[in-house]
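Q: Chains as they are written, first to last, in this note's numbering: chain H, 64 to 471; chain X, 64 to 471.
Source of the hints: derived by calculation from the structure; they are not laboratory data. Be aware that a few hints might be false.
No copy is singled out in the list; a pair is fine if it fits within one copy or between any two copies.
With a straight-line Cα cutoff of 16 Å, these simulated EDC-like cross-link-like pairs (lysine to aspartate or glutamate) come out [unchecked claim]:
1) Lys65 to Glu445
2) Lys189 to Glu445
3) Lys192 to Glu216
4) Lys192 to Glu445
5) Lys276 to Asp425
Read off the chains here:
Protein chains: 2
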Amino acid sequence: MKKVLVSNIGMLATPKGSAAKCGKSQGEIEILRDAWVLIEDGMIAKVGTGKCECAEGAEVIDAGGKLVTPGLVDAHTHLIFGGWRQNELGLKLHGATYLEIQNAGGGIQSTTNATRSATEEELRDKAAKALDEMMGFGTTTVEAKSGYGLATEHELKALQVIKDLDEQHPMDVVATFMGAHLVPAEYKNDRAEYIRLVCEEMMPAVKEQGIAKFCDVFCEADTFTMEESRKILEAGLKYGLRPKIHADEIEAIGGSVLAGEIGAISSEHLIVCPPEGIASMAKGGVIACLLPATSFNLGAVFAPARDMVNAGVPVAMATDFNPGSCPCLNMQFVINLGCLKYKLTPEEVLTAVTLNGAAAIDMADKVGSVEVGKQGDLVIWESPDLDYICYRVGSNLAKTVIKKGVIV
Amino acid sequence: MKKVLVSNIGMLATPKGSAAKCGKSQGEIEILRDAWVLIEDGMIAKVGTGKCECAEGAEVIDAGGKLVTPGLVDAHTHLIFGGWRQNELGLKLHGATYLEIQNAGGGIQSTTNATRSATEEELRDKAAKALDEMMGFGTTTVEAKSGYGLATEHELKALQVIKDLDEQHPMDVVATFMGAHLVPAEYKNDRAEYIRLVCEEMMPAVKEQGIAKFCDVFCEADTFTMEESRKILEAGLKYGLRPKIHADEIEAIGGSVLAGEIGAISSEHLIVCPPEGIASMAKGGVIACLLPATSFNLGAVFAPARDMVNAGVPVAMATDFNPGSCPCLNMQFVINLGCLKYKLTPEEVLTAVTLNGAAAIDMADKVGSVEVGKQGDLVIWESPDLDYICYRVGSNLAKTVIKKGVIV
Numbered sequence: 064m065k066k067v068l069v070s071n072i073g074m075l076a077t078p079k080g081s082a083a084k085c086g087k088s089q090g091e092i093e094i095l096r097d098a099w100v101l102i103e104d105g106m107i108a109k110v111g112t113g114k115c116e117c118a119e120g121a122e123v124i125d126a127g128g129k130l131v132t133p134g135l136v137d138a139h140t141h142l143i144f145g146g147w148r149q150n151e152l153g154l155k156l157h158g159a160t161y162l163e164i165q166n167a168g169g170g171i172q173s174t175t176n177a178t179r180s181a182t183e184e185e186l187r188d189k190a191a192k193a194l195d196e197m198m199g200f201g202t203t204t205v206e207a208k209s210g211y212g213l214a215t216e217h218e219l220k221a222l223q224v225i226k227d228l229d230e231q232h233p234m235d236v237v238a239t240f241m242g243a244h245l246v247p248a249e250y251k252n253d254r255a256e257y258i259r260l261v262c263e264e265m266m267p268a269v270k271e272q273g274i275a276k277f278c279d280v281f282c283e284a285d286t287f288t289m290e291e292s293r294k295i296l297e298a299g300l301k302y303g304l305r306p307k308i309h310a311d312e313i314e315a316i317g318g319s320v321l322a323g324e325i326g327a328i329s330s331e332h333l334i335v336c337p338p339e340g341i342a343s344m345a346k347g348g349v350i351a352c353l354l355p356a357t358s359f360n361l362g363a364v365f366a367p368a369r370d371m372v373n374a375g376v377p378v379a380m381a382t383d384f385n386p387g388s389c390p391c392l393n394m395q396f397v398i399n400l401g402c403l404k405y406k407l408t409p410e411e412v413l414t415a416v417t418l419n420g421a422a423a424i425d426m427a428d429k430v431g432s433v434e435v436g437k438q439g440d441l442v443i444w445e446s447p448d449l450d451y452i453c454y455r456v457g458s459n460l461a462k463t464v465i466k467k468g469v470i471v
Numbered sequence: 064m065k066k067v068l069v070s071n072i073g074m075l076a077t078p079k080g081s082a083a084k085c086g087k088s089q090g091e092i093e094i095l096r097d098a099w100v101l102i103e104d105g106m107i108a109k110v111g112t113g114k115c116e117c118a119e120g121a122e123v124i125d126a127g128g129k130l131v132t133p134g135l136v137d138a139h140t141h142l143i144f145g146g147w148r149q150n151e152l153g154l155k156l157h158g159a160t161y162l163e164i165q166n167a168g169g170g171i172q173s174t175t176n177a178t179r180s181a182t183e184e185e186l187r188d189k190a191a192k193a194l195d196e197m198m199g200f201g202t203t204t205v206e207a208k209s210g211y212g213l214a215t216e217h218e219l220k221a222l223q224v225i226k227d228l229d230e231q232h233p234m235d236v237v238a239t240f241m242g243a244h245l246v247p248a249e250y251k252n253d254r255a256e257y258i259r260l261v262c263e264e265m266m267p268a269v270k271e272q273g274i275a276k277f278c279d280v281f282c283e284a285d286t287f288t289m290e291e292s293r294k295i296l297e298a299g300l301k302y303g304l305r306p307k308i309h310a311d312e313i314e315a316i317g318g319s320v321l322a323g324e325i326g327a328i329s330s331e332h333l334i335v336c337p338p339e340g341i342a343s344m345a346k347g348g349v350i351a352c353l354l355p356a357t358s359f360n361l362g363a364v365f366a367p368a369r370d371m372v373n374a375g376v377p378v379a380m381a382t383d384f385n386p387g388s389c390p391c392l393n394m395q396f397v398i399n400l401g402c403l404k405y406k407l408t409p410e411e412v413l414t415a416v417t418l419n420g421a422a423a424i425d426m427a428d429k430v431g432s433v434e435v436g437k438q439g440d441l442v443i444w445e446s447p448d449l450d451y452i453c454y455r456v457g458s459n460l461a462k463t464v465i466k467k468g469v470i471v
């Protein structure tokens with residue numbers, strides 16, 4: 064048995080439990096001073112304070128009196144894509160219109176083209192580099208969506224890459240099928256046929272290969288209507304894929320209401336979520352997965368996080384890492400934004416980026432808190448306390464990242 | 064003679080010249096493809112494209128086909144301070160008022176107390192760590208202000224630390240005297256006496272010891288009025304200190320107008336700068352040193368950068384690194400904000416964080432562009448082009464930082 068003792072922890076800060084926290088309890092975390100964590104075979108075996116009497120033969124990782132938290136959980140990323148789209152920023156700043164950018168070969172379709180023409184190996188290498196970087200910032204569990212393939216072959220390719228990464232990379236990578244990211248150019252005049260393809264061809268194949276846990280849909284004015292989204296998510300349920308939904312990012316067309324009605328595990332974005340959406344999510348037990356770095360990048364308003372917490376909707380926060388609206392993979396920036404823009408407390412923010420993120424991807428029994436029986440996923444921070452990692456902007460404060468008891 | 068060849072540069076992007084760029088020329092940069100830079104004894108000796116025939120015996124640094132720019136210049140920091148103030152963020156988010164925070168020992172006075180009680184060595188070690196980190200993000204020249212001592216002994220101590228750092232650390236560190244940062248608690252009922260102290264006791268000592276180039280003043284409703292600021296800056300001029308001025312950060316009380324009238328080398332913040340301030344700066348040849356990360360941290364609006372460029376005021380951008388309003392020392396985040404919030408083009412932003420920053424601290428003859436005769440200060444970026452470093456948020460893209468021809 065491999066024993067690892069993380070000792071000399073100045074402040075251990077963690078939410079507790081195996082389900083998402085909501086309402087007041089979102090901000091209830093445990094704080095231990097002068098603490099230690101014993102990890103056996105990658106799992107947390109014991110947590111205590113003062114002197115640890117049970118660590119004989121353990122490898123010791125000295126936390127140097129610093130802050131330790133659970134590894135961060137990034138519960139919403141579009142990890143698998145070909146190319147980047149930096150040229151669009153330059154074009155926009157030089158005055159190009161949306162249409163001119165489209166005509167210059169830009170926009171989401173350009174990512175679809177690049178993703179389709181990339182090999183599995185190319186996509187894997189690129190995503191693995193991103194995972195390495197995420198881990199360096201303190202993330203130890205990631206959700207990853209398909210959704211730039213938009214054809215059976217290429218959606219399956221993306222999900223296969225996610226599966227391979229989960230097996231080969233130290234990061235836990237949880238897969239979401241998102242064939243309904245948008246209607247690709249070739250189906251522009253027959254969206255019903257594309258939806259049929261998603262539900263009747265892609266989903267059975269995804270189920271057969273067992274390569275996704277969730278089904279996500281982009282419910283928005285220009286992509287899928289509320290009723291189309293319902294149809295797609297209900298089809299997903301038939302194939303064992305739990306529903307997630309991109310809702311109320313730009314316009315509120317009913318996505319968050321649908322999330323509650325259909326019992327989605329989480330609803331994403333929610334930038335312009337109306338009160339009836341919050342009420343429906345509260346009723347349906349939906350986790351709000353908020354993506355503040357996307358608001359930042361788009362120059363949009365920020366989701367009404369406080370209203371959600373007040374209504375008893377558990378709030379998770381993630382990066383939304385993607386090459387269009389959010390080329391940011393750093394959860395520390397998400398932490399900053401949670402405090403500065405959502406005005407959540409440091410305790411609420413910590414819960415949002417650990418336990419609630421884990422619950423949003425059905426991993427809260429394994430990760431998201433420092434508790435006996437969960438994985439030994441920890442971050443030692445170059446920080447004396449929790450406030451400090453919320454306050455410092457732009458520095459990488461993750462000093463040592465530990466995944467299943469191993470420094471990564 | 065030590066020769067260093069930076070070869071295989073995919074894109075070399077640099078402004079040119081030895082003075083700040085203003086108006087349209089702010090966005091005029093030189094782009095070379097397949098380029099190289101030859102550095103001899105720390106100075107740029109030759110710049111070219113294709114094969115370099117003049118590099119016999121040179122150490123070769125392979126840029127791997129990536130982007131190379133001048134080292135970044137952070138022209139506005141409050142580098143020297145004791146303590147941090149993360150607890151105030153936590154208190155605020157838990158609902159504490161400004162007064163409650165003051166009563167809990169918070170606010171700028173707490174930084175003054177911590178700075179006064181710190182030794183030179185403690186301040187130097189702390190600042191050196193910050194400089195290391197800044198350099199890791201691509202900054203090779205920094206301005207640093209005193210201004211948390213607010214007593215002759217402690218202002219001189221801070222400036223001595225800056226001098227030591229400039230001599231001992233690879234970073235070029237340029238000193239600004241800012242005794243007029245605020246009126247310290249002990250002079251609350253006799254501000255005239257504090258101003259007398261700044262002008263008649265601190266300034267002569269600063270001049271005698273030759274430890275500052277500039278004099279800065281915080282011209283704001285709660286600190287120093289326009290007329291007090293004028294008096295202080297005019298006194299500084301007598302002692303050979305070129306004027307800088309914190310103006311229009313929260314309220315426009317005439318600081319930017321004064322900047323133009325007095326011929327300040329730069330005016331700082333300018334968040335709410337009125338048209339007459341821009342006109343005065345244009346007339347007086349003042350560089351606008353904008354601090355977008357402070358707007359971000361404060362949740363304030365962003366300075367009217369485009370209006371300044373249009374009016375022919377050269378725009379520089381810096382971090383404002385300090386423990387209160389901006390605990391951010393990362394110039395890459397400033398680059399992001401320049402594009403996303405000021406809507407400056409990537410070319411204008413590059414000029415703002417290199418040549419115009421250098422000009423704002425009277426260093427444009429030495430640094431701020433990749434040109435023969437300037438210091439060999441370069442950044443090799445993990446980036447194919449200029450747009451990409453503007454577009455990616457939250458990742459450290461500085462791959463290799465070179466100061467006077469040496470990898471740091």
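Q: Each hint needs a verdict: does it hold in this structure or not?
A: Going through the hints against the structure:
{"no.": "1", "hint": "Lys65 to Glu445", "in the structure": "neither (26 Å within a copy, 38 Å between copies)"}
{"no.": "2", "hint": "Lys189 to Glu445", "in the structure": "between (28 Å within a copy, 14 Å between copies)"}
{"no.": "3", "hint": "Lys192 to Glu216", "in the structure": "neither (24 Å within a copy, 50 Å between copies)"}
{"no.": "4", "hint": "Lys192 to Glu445", "in the structure": "between (23 Å within a copy, 12 Å between copies)"}
{"no.": "5", "hint": "Lys276 to Asp425", "in the structure": "within (9 Å within a copy, 59 Å between copies)"}
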